[in-house]
Amino acid sequence: MYERQILICAGTGCISSGSLQVHEALRKELQKHQMEDKVRIILSGCHGFCEKGPIFIVYPEDIFYCEVQAEDIPELVEEYLVKGNVVERLLYKDPVTEDAVTSHQEIPFYSKQKRLALRNCGVIDPENIDEYIIRGGYQGLERALRMESLDIINMIKSSGLRGRGGAGFPTGMKWEFAYRNESDKKYVVCNADEGDPGAFMDRSVLEGDPHAVLEGIIIAGLAIGSDEAYLYVRAEYPLAIRRLRTAIAQAQEYGLIGENILGSGFGFKINIKEGAGAFVCGEETALLASIEGERGMPRPRPPFPAVKGLWGEPTCINNVETLANVSLIMRKGTDWYSAIGTEGSKGTKIFALTGKVNNTGLCEVPMGITLREIIFDIGGGIRDGKKFKAVQIGGPSGGCLPESHLDQPVDYDSLTSAGAMMGSGGMVVMDEDTCMVDLARYFLSFTQSESCGKCTPCREGTKRMLEILERITKGQGVAEDIPRLQKLALAVKDGSLCGLGQTAPNPVLTTLRYFQDEYEAHIFDRRCPAGQCQELLTYYIDPELCTGCRACTRVCPTGAITGEKKEPHVIDEEKCINCGSCAERCKFDAIKVK
Amino acid sequence: MISLTINGQNVEVEEGSTILEAADKLDIFIPTLCHDSRLAPVGACRMCLVEVERARALMAACSVPVMEGMVVHTDTERVHAARKENLQLLLANHPLDCLTCEKNGDCRLQDYCYLYGISESEYEGERKDYALDESNPFFIRDMNKCILCGLCVRVCHEINGAGAIDFTNRGFDTKVTPFFDDPLVESPCVFCGMCVDVCPVGALTPKQGIRQGRPWELQMVRTVCPFCGTGCGLELYVKDNKVVKVKGDPLSLASRGQTCVKGHFGIDFLHHPERLQKPLIRKNGELEEVSWEDALNLIASKLKRLRGEELAGFSSARATNEENYLFQKFLRTLGTNNIDHCARL
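For the protein sequence lines, the chains are A and B, in the order given. Positions in the first sequence are counted from 1; adding 29 to them yields the working numbering. Positions in the second sequence are counted from 1; adding 422 to them yields the working numbering.
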């Protein structure tokens, strides 16, 4: 009988900060103390708080240790497991009060979350199907097997579940389209081509709770009348792919995948297709082309995949997070699920919170929560006491919302009307030091290089928008650039073939809408208010701080700095090329920018 | 049948038709660059964007199937703005060398820029800068002029089946290339020339016609290819009684515009000084021009001297099936089975 269980996070984030070495060290240390029979070690999935990884939780006390390294293990075992003294230095410290917190329930990052899709992540061993089953796994499938297709569809419809991949299309309605299109062959496709930079919720679900997704896929197959699925995972997720393969093999062994599932007569097969890394393959029609072995380029819709999808057959495509919710809805029922969230957006959404907040990581929150709660409660506010400026929601094609939108509820419709979108749930927080023009330029450089090149507005239009933004950030903007950007952005949005092009202008449109003054400062005053655009900075020397040591004059490549020894120096703005070498060299912080 | 309204006019078309086909029935013009009725629609160039009531974004007329009660507008401010913006964007990345471009006068990009009054792009920036591919004897590939409509790629994959070219790279760097961007001559290309025929701009130029005449100076003559018995339709482009270039005839029922390398590019024999135009008979070691009657008499006299197996016949793929049939029948009546054909070699 084990006295304690230790969960060590083995998600990609914690593995890269050393959790497997921690695991090995703990194993050896327990051996040394002859405690192997008393302590059970579980390699769990992601806890979402990757920034503080490796995460190490001890049950039954629920002590949350973070940033644990292999060297800490002898002390942890000796002090805590043997003597029972909590090792305070490895506990989480509140960024504001600096108080140590023992239980993860008390950490603000977790206390406001509602973990449904992430219900098992960080809780179970993802490589053991029994742990999933003990926590109610496959009960939803078992229930669905006793239902008619249309009843399953109606259940998902009345739950109000909408697609978590970005567009928020009602899942039940999508299933019904695929169900009503009669064909001998139909496919279910799980879109696990998570491409937004910084978003990793799908990876975490696949790594931490692969059966939740498999169960959702099989239920979708039952609902639309399909016998085969493809799980399209990007090859950059090797751990997710490995755990999925393990999970599929285990489910097959248990008769949950394959012929005659649980004696129902229903048979189902799940294939894994590894994506080759094109961002656009997250777009459903490009994803289908990629599965078929074609170049990942979107196809015109209509016909929609529900009518003519994979290899021309009716196909239902759902995102990982959506399917992880499906298995839960089937188990716990529609009423339970639809009680969470808002009128138009039910349930929860996982966000990848990042940027200038104190706590970064994955958080799952009920729909309708405000941006302020996510950023200031869960995220712990802005780092270094700086001022909040904007939050970019929905990945590289999302929009930037300013402070005035902080109390806006987070749901599909209000985000869209504000010019942002739910997208995959990326959430990048920016403080006063972020230049919004430069930010728009950054996102455009991403969407431009990931444009598949098929349609004119996206291929050529994002390039020209990017060039205009580059010029503005270099101080070469002209007055016409603002209306020109506006016109071009709307043309790309209105005329592009797929979702990538139709949403790529969002960062430009929203920054123009909420931060036009910054564009104007760059263009008319040749000034970057956030002090980020190198070409627009003016370096000057603070005479109070300058000691006249002459170090700066020696590194200045253009001889722009003059002054007598031991007297304050000055920079000639005409000669200065803004290289910043002097500021790096100055030991007295006397060189400033304005 | 599906009934819909375009620009206030009602029209009925077969289910599965596209908006473009319905508009065509009403003689309503919609510009296209990537459309070809022989190929599956892709909706790539976005020139055919139209406004469909209750649709969020503009729709590509070439690929959107009609729906009952659909209300389409092809002539609105929004539609024209989108098309103009598209042309602006294409032109920003396309050389303005129409003065010497072989396609001048037969270029759809030029036609639409004329239609919408666009002489230069308002967007200045990077332009494509690729080396010409002149590796093959038949046509030049100038990817600086390519507007990436994809017609060449699709005709190569969907009709010819060679699959010699495809899109490579992404975003602004997207380019149509053979494998690994090798010269076309090292690719599986069979030089059928269909890509050249479908290119709406001057990216693919047949070498044979260069500086031989402007499109408006050429007279088009429909004919049947002389190279084999398939009977593909050809369009000959003629100036001063000289064939300058050849294209496949899309109206030919036998070939619907398909060609092979011989029919498309093998016309240099037509005006070649050494082309045989009269029968020749060797007399005293020298070839001498004679009349057809003399030539046929000589053949008949030789045939009379041969008996059965002494005789052999060899026919040509340039003859039709019917002619080849008659040829072997004729030889068999002369008592020989020694009959062969050049296509078997």
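Simulated from the structure, these hints should not be mistaken for lab results. Watch out, some of these pointers could steer you wrong.
[As the list claims (entries may be wrong)] Not everything, but these chain B residues come out facing chain A in the computed CB check (under 10 Å):
# : residue
1 : 541
2 : 544
3 : 592
We put the beta carbon where it would ideally sit given N, CA and C, even for glycine.
For each hint, the structure was consulted:
Given hint, residue 541 of chain B at the interface with chain A, is violated; its Cβ is 18 Å from that chain's nearest Cβ, farther than 10 Å. For residue 544 of chain B, the interface hint holds, the least distance from its beta-carbon to any beta-carbon of chain A being 7 Å, beneath 10 Å. The criterion of a C-beta within 10 Å of any C-beta in chain A is met by residue 592 of chain B, whose closest approach is roughly 5 Å, and the hint holds.
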